[in-house]
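With the hints as extra help, turn the sequences into a complete structure.
From first to last, the protein sequence lines stand for chains D and L. The numbering of the first sequence is numbering that gives the first Met the number 0, which starts it at 0 and goes up by one. The numbering of the second sequence is numbering that gives the first Met the number 0, which starts it at 0 and goes up by one.
Hints listed in this document are in silico derivations from the structure and should not be mistaken for laboratory results. Careful: at least some of the hints might be erroneous.
Dumping the calculated SDA-like pairs for lysine to any residue here, alpha-carbon to alpha-carbon at most 25 Å [as the list claims (entries may be wrong)]: (1) L:K137 / D:V336; (2) D:K239 / L:S25; (3) L:K365 / L:L347; (4) L:K346 / L:V400; (5) D:K306 / D:L386; (6) L:K362 / L:E321; (7) D:K379 / L:P282; (8) D:K379 / L:Y89; (9) L:K145 / D:G338; (10) D:K238 / L:A34; (11) D:K379 / L:D275; (12) L:K145 / D:M344; (13) L:K346 / L:L304; (14) L:K445 / L:L476.
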Amino acid sequence: MSRLTDLTIAQARDGLDRGDYTSVDLTAAHIAAMAAGRDLNAFVTETPDIALARAAESDERRANGAAKSGMDGIPIGLKDLYCTEGVLTTAGSHILDGFIPPYESTVTRNLQDGGAVMLGKTNMDEFAMGSANVTSYYEPVKNPWSLDDGKDRVPGGSSGGSAASVAGHLAMAAAGSDTGGSIRQPASFTGIVGMKPTYGRCSRWGMVAFASSLDQAGPMTRTVRDAAIMLQSMAGYDKKDSTSVERDLPDFEAAITGNIKGLRVGIPIEYRMEGMPYEIEDLWHRGVDWIREAGAEPVEVSLPHTKYALPTYYIVAPAEASSNLARYDGVRYGLRVDGGDLNEMYANTRGEGFGDEVQRRVLSGTYVLSAGYYDAYYVKAMKLRTLILQEFQKTFEKVDVLLTPTAPSAAFAIGEKMDDPVAMYLNDVFTVPASLAGLPGISVPSGLSEEGLPLGLQMITKPFDEETLFRAAEVLETAAEFKAQPSYLRGRS
Amino acid sequence: MTYLIEGETGDWEVVIGLEVHAQIVSEAKLFSGAATEFGAEPNSQVSLVDAAMPGMLPVINEVCVEQAVRTGLGLEAEINLHSVFERKNYFYPDLPQGYQISQFLNPIVGEGIIHLDMPEGPREIGVERLHMEQDAGKSLHDQDPKRTYIDLNRSGVALMEIVSKPDLRSPEEAGAYMRKLRAILRYLGTCDGNMEQGSLRCDANVSVRHPGEELRTRAEIKNINSVRFVMQAIEHEAERQVEVYESGGDVVQETRLYDPNKGETRSMRSKEEAHDYRYFPDPDLLPLDITQEYVDAIKSGLPELPDAKKERFISDFELAPEDAAVLVADKDSAEFFEALAEGRNAKLAANWVIHELFAVLNKEGKSIAESQVNADDLGKLIDLISDDTISGRIAKDVFEVMVSDGGDPAKIVEEKGLKQITDTGEIETMVDQLIADNPDQAQQYKDGNEKVAGWFVGQAMKASQGKANPQMVNELLKKKLG
Numbered sequence: 000m001s002r003l004t005d006l007t008i009a010q011a012r013d014g015l016d017r018g019d020y021t022s023v024d025l026t027a028a029h030i031a032a033m034a035a036g037r038d039l040n041a042f043v044t045e046t047p048d049i050a051l052a053r054a055a056e057s058d059e060r061r062a063n064g065a066a067k068s069g070m071d072g073i074p075i076g077l078k079d080l081y082c083t084e085g086v087l088t089t090a091g092s093h094i095l096d097g098f099i100p101p102y103e104s105t106v107t108r109n110l111q112d113g114g115a116v117m118l119g120k121t122n123m124d125e126f127a128m129g130s131a132n133v134t135s136y137y138e139p140v141k142n143p144w145s146l147d148d149g150k151d152r153v154p155g156g157s158s159g160g161s162a163a164s165v166a167g168h169l170a171m172a173a174a175g176s177d178t179g180g181s182i183r184q185p186a187s188f189t190g191i192v193g194m195k196p197t198y199g200r201c202s203r204w205g206m207v208a209f210a211s212s213l214d215q216a217g218p219m220t221r222t223v224r225d226a227a228i229m230l231q232s233m234a235g236y237d238k239k240d241s242t243s244v245e246r247d248l249p250d251f252e253a254a255i256t257g258n259i260k261g262l263r264v265g266i267p268i269e270y271r272m273e274g275m276p277y278e279i280e281d282l283w284h285r286g287v288d289w290i291r292e293a294g295a296e297p298v299e300v301s302l303p304h305t306k307y308a309l310p311t312y313y314i315v316a317p318a319e320a321s322s323n324l325a326r327y328d329g330v331r332y333g334l335r336v337d338g339g340d341l342n343e344m345y346a347n348t349r350g351e352g353f354g355d356e357v358q359r360r361v362l363s364g365t366y367v368l369s370a371g372y373y374d375a376y377y378v379k380a381m382k383l384r385t386l387i388l389q390e391f392q393k394t395f396e397k398v399d400v401l402l403t404p405t406a407p408s409a410a411f412a413i414g415e416k417m418d419d420p421v422a423m424y425l426n427d428v429f430t431v432p433a434s435l436a437g438l439p440g441i442s443v444p445s446g447l448s449e450e451g452l453p454l455g456l457q458m459i460t461k462p463f464d465e466e467t468l469f470r471a472a473e474v475l476e477t478a479a480e481f482k483a484q485p486s487y488l489r490g491r492s
Numbered sequence: 000m001t002y003l004i005e006g007e008t009g010d011w012e013v014v015i016g017l018e019v020h021a022q023i024v025s026e027a028k029l030f031s032g033a034a035t036e037f038g039a040e041p042n043s044q045v046s047l048v049d050a051a052m053p054g055m056l057p058v059i060n061e062v063c064v065e066q067a068v069r070t071g072l073g074l075e076a077e078i079n080l081h082s083v084f085e086r087k088n089y090f091y092p093d094l095p096q097g098y099q100i101s102q103f104l105n106p107i108v109g110e111g112i113i114h115l116d117m118p119e120g121p122r123e124i125g126v127e128r129l130h131m132e133q134d135a136g137k138s139l140h141d142q143d144p145k146r147t148y149i150d151l152n153r154s155g156v157a158l159m160e161i162v163s164k165p166d167l168r169s170p171e172e173a174g175a176y177m178r179k180l181r182a183i184l185r186y187l188g189t190c191d192g193n194m195e196q197g198s199l200r201c202d203a204n205v206s207v208r209h210p211g212e213e214l215r216t217r218a219e220i221k222n223i224n225s226v227r228f229v230m231q232a233i234e235h236e237a238e239r240q241v242e243v244y245e246s247g248g249d250v251v252q253e254t255r256l257y258d259p260n261k262g263e264t265r266s267m268r269s270k271e272e273a274h275d276y277r278y279f280p281d282p283d284l285l286p287l288d289i290t291q292e293y294v295d296a297i298k299s300g301l302p303e304l305p306d307a308k309k310e311r312f313i314s315d316f317e318l319a320p321e322d323a324a325v326l327v328a329d330k331d332s333a334e335f336f337e338a339l340a341e342g343r344n345a346k347l348a349a350n351w352v353i354h355e356l357f358a359v360l361n362k363e364g365k366s367i368a369e370s371q372v373n374a375d376d377l378g379k380l381i382d383l384i385s386d387d388t389i390s391g392r393i394a395k396d397v398f399e400v401m402v403s404d405g406g407d408p409a410k411i412v413e414e415k416g417l418k419q420i421t422d423t424g425e426i427e428t429m430v431d432q433l434i435a436d437n438p439d440q441a442q443q444y445k446d447g448n449e450k451v452a453g454w455f456v457g458q459a460m461k462a463s464q465g466k467a468n469p470q471m472v473n474e475l476l477k478k479k480l481g
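Here it is, written out as C-alpha cells:
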C-alpha cells in the first residue's frame, strides 16, 4: 500500500500505533483526495479545518498513549442527515437551506468521542428518499465505477455520497443510514461493505428522520472488519431515543473468527425473483458454494410473505415520512418562501423546498393515513409487517443467517428509471424485508457483473446477533476475493 | 328541576358533553426536559424537542404518567395498563412538529364517574376517557399589524384531556361538573385548576332534542376559559339550536366559539373544513406499558377526595350535608375548616368559615389561600367566644378588625376593651338603672309580658356597647322583676 488513502481502518489503526504516519498525515491525504474527487459530488460540505484540528488532537492523544478507540484518528465522511454542531446539515434538501444545528447527533457524537475525524458531510438522496442518489438538491453523486460507454453510473441510494466517498477512497469509511436498504444497496453498487445494525442498536437522536420505525445508522467501509470497528464506535443505548435498546455492546471485531463451521445458512427461495438478471442468480449460487466450502450448512428456507414487503414498505415509510416532514414548514428554520397568507407560505415553502420524490412520498403517505383509507392501507401494512417479522423469527429457529442478493441489478446509468418510480423502488426488494423486521443486514462485495460493475451479497441475522453477521460476512468476503478497483481509482494520478 | 327550553314545538332538552383540558402539574414537559412555569418570558422555556428541530425525539416524562394514573384513580376510572401515543397531524405555526402527540385509540384511562350534588339530588356523570397529550404553543396576533408572533413556552406542556359522556342536562350541571372536576384535580395535586392561566380549559359539545328522542347533531364550543362562561355558552348555544330547529332549519356539526361580550356563539369551522388528523401510532415512542403494582402503589398514596371528605364531615363533625358540601368543594377550604375545627365546636367553626369568612372573601374576590385571616387566628377568636371572653356579636366586630388590620384576636379584644362584662355587680348596677329609668316596661315584665325581656337585654347591650353578658342580664331581670 503506497497511498494512505488506500488503507483500511484496521491497517491505519495499526500503522498509527506503530507511528508509520500520523492522523494528520492520513487526514491531509484524504482532504486532498476529497478535493481531487469533487467530480464525484460525494460531499455536500467539506470540513478540512475541523478534520485537521481533530486529527491533531488524535495524534496528541495517541502520543500520550490514550487513543480512544479503533476509530481514533480515522478520517471519515458523515451522511448529511446527521446533525453536526456548527456545521451545515441539509439532508440533501433545499428546505434545510442554511440550517446549522446547535447540537450533535448521538451517533456522530459517539464517533467523535471515539476520536474519528470528520472530513465532511456526504451527499444523499433528499431526506434519504431514493435508491440512486439522484434526488439530492445538491445534484446526483457519481459512482466511482463506470464503464467505457461514457455514461456515469449511480452510486445507489440514499447513502450514495457515503458509498462513493468510500469506494473512491476519499474517505476511509463513512456513516450511512438505512431505512429500506439505503446502506446496503449503495454498498452493493459501489463494491464496498455496508452494514445496517439491528433497529435500536444506534440512536436516532439528531438524525434527520425519514421513517422513524425503520431508520437506522450504520457503517460503510471497505472491509467487514472495518465495519465491525466502526459500528463499535457508533452504537450504544441512548436515553434520548425511546426506541434505542438498552443492552451491552459485544466486541464486534472479536466476533470475526474466520470460522463458520456448522453455521446454518438459510437460502430463501422467494428471493429468486422473476426477471432477475442471470448474473445476480449466478453470484448467489457462488455465494452458497463459498459458505458450504467454508463448512457452513446451506438450508433452503421459505419466506412466503417476502413479496408483500415492498408494498408494505412503501405504505409504512411514506406514512411516517409525511408526518416527520411536517416540521419543515418555513416557520422556524431552513427555507421560507413567503406568500400572501399562512397557507400560501406553507405551500410555497414546501413546494419549492421539497423535490419531486419527497413530494410524491409525502402525498402518498398522507393518502394512506387519510380517513377512509387508513384501514385499507396503513393498518393492513402494519399487519403484514407483523407477519413478515414472525416469518423471520420462525426461520431463525432453523437457521443462523440468511444469504441473499443485495440488489436485483448492478448500478445503472444516471438518468435511468427516472420516469418510473416503481422501477426505482424495486431496487430495495431484497433489502426491505429485513428493514421491516428490524433485523441486522450487511452487503459484502462479492463479484462483478458481466459488464464489470460490482455486485453484493447480503447476509441477515436475527435481532442483536451482529456478531454472527460479522463472522459470516467476513468468511464470505474472504471467499469472494473481491479485488477489483473502480475505474475512478485507476484514473488517479 | 329539569332544565327545559320551552319552544313552539314543545319542550327541548339540552344534552351536553364536556372535554376538559387540564394541564398536568409537573416540573417538566410531557416529552422534553423544558420547564413549565407560567408567565415566563416568551420562548424562554423551549427545548430543541419543543421547537421540533430536525432529528429531535420525544422521551416520556414519567411524572406525567403518574399524574394521569392518579387522576384516573380519582375519577374512579379504569386504568389501561397498555396505552399508545399517536400523532394528530395538522399544520399550524404554533405546532412546531406539525403534529400533536396524543393518545387516540388506546388512552391511559378508560371509563370513570364524577358525582354531582345538585339541588334536586345526586347525579352521576360518566367519564368516557382520559388521555395525555402535548399542548401547542401560543400565537400572538396582536403584537404586530401584519405578522403573528409565536411563543413556544407552552409547546409540549403535558395535558390531560378528560372527556365526559353526554350525560349533562343543564348549564347548572355543566357548571357543577366543572367545579367538581376542578376540586378533584386540586385534591389530587394533578392540575392547579387555574382557568384564567389556561391550566384548565373546556370544550362543550351541545345538542338539543325533545325529551325521549334520539341524540341530534351537536356543535362543539371550543376553548371556554371559565365556569361561568361554560354555563353561559351552553345556554346561548342551546337556545340558538332551538331557534334553528323551530325556524325549520337544521343544526350542522361544526366548531363554534363563545363570545362572552356579545353573549353568543359563532361558527369557527364547519365539518367540511374539519381537519383530517391522520392519527397513527407515534413511531418515536414505544407503547406505554405499566404494571398493576405501579397503579396500586399510586392508589395507596391517594389523598382523601371531596366525596369521602364530605361523608366524614357529616359523620364525624355532624355537619349539615349542605355545609359539608360547601366546605369540601375546595381543598383549601376543607383544610382550613379542619384545622379550625380541631379541638373546637365543629358546627361553630363551620358557621364561621361559611358565613363570615366566605362572605368577606367573596366580597373581595379572594381565594381562601389569600385570606387575611388564617385558621389559627380565627380559631383563637372562636375560643374567645367559647370561654365567654366575648359574645358572638362582639366576635363579629373583632373579626372585622382582623380582616382589615390583621392581628391576634385576644390583643384586639384587649386593646379595644371589648371583653365581655361578666362582673355581677357591674351588670346589676346597669340593670337597676334600666328598671329605674323604664318603669312602664318593668311593669309590663312583671305582668308577664315576656317579650319585654328581650327589649331589656337589648337596652343593656346598647348601654354596655355589646359587652354585657346577655345571659346574666336575663337572669338578673328575672330575679329582680320575676
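Here is how each hint holds up against the structure:
1. Between K137 of chain L and V336 of chain D the CA atoms are separated by roughly 23 Å; this keeps the pair inside 25 Å, and the hint holds.
2. For the suggested pair K239 of chain D and S25 of chain L, the alpha carbons sit about 19 Å apart, so the restraint of at most 25 Å is met.
3. For a cut-off of 25 Å, the pair hint linking K365 of chain L to L347 of chain L stands: about 22 Å separates their Cα positions.
4. Restraint check: the Cα-Cα separation between K346 of chain L and V400 of chain L comes to about 23 Å, which is no more than 25 Å; the hinted pair holds.
5. Proximity of K306 of chain D to L386 of chain D is assessed by CA-CA distance (about 12 Å); at most 25 Å being required, the pair is judged to hold.
6. Distance check on the hinted pair: K362 of chain L and E321 of chain L sit about 21 Å apart at the alpha-carbon level, within 25 Å; holds.
7. Between K379 of chain D and P282 of chain L, the direct Cα distance comes to roughly 16 Å. Compliance with the 25 Å bound is thereby established for this hinted pair.
8. Straight-line distance between C-alpha atoms of K379 of chain D and Y89 of chain L comes to about 23 Å, which keeps the hinted pair within the 25 Å bound.
9. Using a Cα cut-off of 25 Å, the hinted pair K145 of chain L and G338 of chain D holds, with the two alpha carbons roughly 13 Å apart.
10. Between the alpha carbons of K238 of chain D and A34 of chain L the distance comes to roughly 19 Å, so the proposed pair stays at or under 25 Å and holds.
11. At roughly 20 Å between alpha-carbon atoms, K379 of chain D and D275 of chain L fall within 25 Å of each other, so this suggested pair holds.
12. Proposed proximity of K145 of chain L and M344 of chain D is supported: the alpha carbons are some 14 Å apart, at most 25 Å.
13. Proposed proximity of K346 of chain L and L304 of chain L is supported: the alpha carbons are some 21 Å apart, at most 25 Å.
14. Restraint check for K445 of chain L and L476 of chain L: the C-alpha separation of about 10 Å stays at or below 25 Å, so the hint holds.
Consistency note: the structure conflicts with none of the earlier hints.
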